[in-house]
Amino acid sequence: MPTVGFVGLGNMGSGMAANLVSHGFDVVVHDVRREPIDRLRGLGAREASSPAELGARSDVVFVAAFGAEQVRSICLGEHGDDGLLAALSPGAIIVIHSTISTAVVRDVAARAEKYQIDVVDAAMTGGGHLAAEGGRLTFFVGGRSEAIERVRPQLEAMASQILPVGALGNGMLVKAISNFLSIGNTILVNEALQLAKGYDMDVTTVLSMVDHGRVGASWVSENWRDLQQQERTYTTEGGMADMARKDLALARECAALPGVRLSTLDFLADEVTSGLTRLLLGSNTPDGEL
Numbered sequence: 000m001p002t003v004g005f006v007g008l009g010n011m012g013s014g015m016a017a018n019l020v021s022h023g024f025d026v027v028v029h030d031v032r033r034e035p036i037d038r039l040r041g042l043g044a045r046e047a048s049s050p051a052e053l054g055a056r057s058d059v060v061f062v063a064a065f066g067a068e069q070v071r072s073i074c075l076g077e078h079g080d081d082g083l084l085a086a087l088s089p090g091a092i093i094v095i096h097s098t099i100s101t102a103v104v105r106d107v108a109a110r111a112e113k114y115q116i117d118v119v120d121a122a123m124t125g126g127g128h129l130a131a132e133g134g135r136l137t138f139f140v141g142g143r144s145e146a147i148e149r150v151r152p153q154l155e156a157m158a159s160q161i162l163p164v165g166a167l168g169n170g171m172l173v174k175a176i177s178n179f180l181s182i183g184n185t186i187l188v189n190e191a192l193q194l195a196k197g198y199d200m201d202v203t204t205v206l207s208m209v210d211h212g213r214v215g216a217s218w219v220s221e222n223w224r225d226l227q228q229q230e231r232t233y234t235t236e237g238g239m240a241d242m243a244r245k246d247l248a249l250a251r252e253c254a255a256l257p258g259v260r261l262s263t264l265d266f267l268a269d270e271v272t273s274g275l276t277r278l279l280l281g282s283n284t285p286d287g288e289l
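For what it's worth, numbering that gives the first Met the number 0 labels the leading residue of the sequence shown as 0, then goes sequentially.
Hints were generated in silico from the structure; no laboratory data involved.
Positions of the beta carbon are idealized from the N, C-alpha and C atoms, including for glycine.
Treat the hints with caution; some may be incorrect.
As the list claims (entries may be wrong) - Derived Cβ-Cβ restraints for the label pairs, each shown as a range: (1) M200 - T263: 25 to 33 Å; (2) L187 - H128: 22 to 30 Å; (3) L261 - E52: 38 to 46 Å; (4) S48 - H211: 51 to 59 Å.
Could you put the whole structure together from the sequences, leaning on the hints where they help?
What follows is the structure, given as structure tokens:
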């Protein structure tokens with residue numbers, strides 16, 4: 000059985016790594032914080048003091064760091080040749096879960112080639128930390144089919160759906176598209192409910208009719224009340240507003256690579272995101288019904 004490394008024990012990574020341990024994999028973990036490492040050690044994982052040490056002890060490594068800068072630092076190291084890539088043995092595989100651009104994924108993969116290391120991107124969706132802890136995530140997976148099949152047992156320990164989407168980087172592209180649609184739809188639903196309020200219509204009734212009619216229904220409209228219960232996380236660091244800014248910036252990066260101009264995306268990223276919390280929680284929310 001291969002030794003599995005996991006770097007990044009944050010909100011999602013901690014639960015994902017725990018599932019690998021519970022499924023019987025030999026897991027080595029690394030994080031900059033002590034608490035999640037101690038938790039994983041208590042479950043049976045072993046600790047590595049650095050990404051390089053983890054790489055030297057692993058056959059496949061899963062990376063769930065916050066963003067592109069962290070992924071580059073983990074994979075390349077401080078000097079570009081003293082990180083995870085340099086420590087792994089030829090034939091190893093790195094699976095990137097972090098929500099980053101296709102360009103960054105492909106750049107890391109290009110650098111990995113000289114070490115004879117495969118890279119797979121497995122963008123996460125399907126819920127937050129509870130889905131990660133319960134093994135109910137969905138992965139959009141890009142990369143060589145042979146590499147994907149080699150890591151499928153580990154992916155299946157962390158997710159209920161493994162969806163191959165073609166070339167390396169396509170996993171992140173599909174995630175960016177999905178998030179772009181979700182954020183835009185949140186704004187549309189909010190404004191549509193303002194229209195209903197202008198005619199003194201009951202918001203609950205409107206949402207019910209929209210969902211029954213199906214044509215204008217969406218995950219956002221169907222879960223509008225559940226979103227209200229998450230309002231405490233909107234303005235916290237790493238909460239919905241921060242994630243929206245990050246997700247729209249990522250979608251812009253993906254659009255820039257082939258030179259695709261998306262005017263609605265530009266509008267959302269430049270104008271709406273800065274006021275997303277106000278739109279969701281402020282005076283424009285119909286009767287506090289978010």
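Do the hints match the structure? See the list:
1. Between M200 and T263 the beta carbon distance is about 27 Å. The supplied range of 25 to 33 Å therefore holds.
2. About 27 Å separates the C-beta atoms of L187 and H128, a value consistent with the hinted range of 22 to 30 Å.
3. Judged by the Cβ atoms, the range 38 to 46 Å given for L261 and E52 holds: they are separated by roughly 42 Å.
4. For S48 and H211, the Cβ-Cβ distance of about 57 Å falls inside the hinted range of 51 to 59 Å, so the restraint holds.
When the structure is compared with the earlier hints, no violation turns up for any of them.
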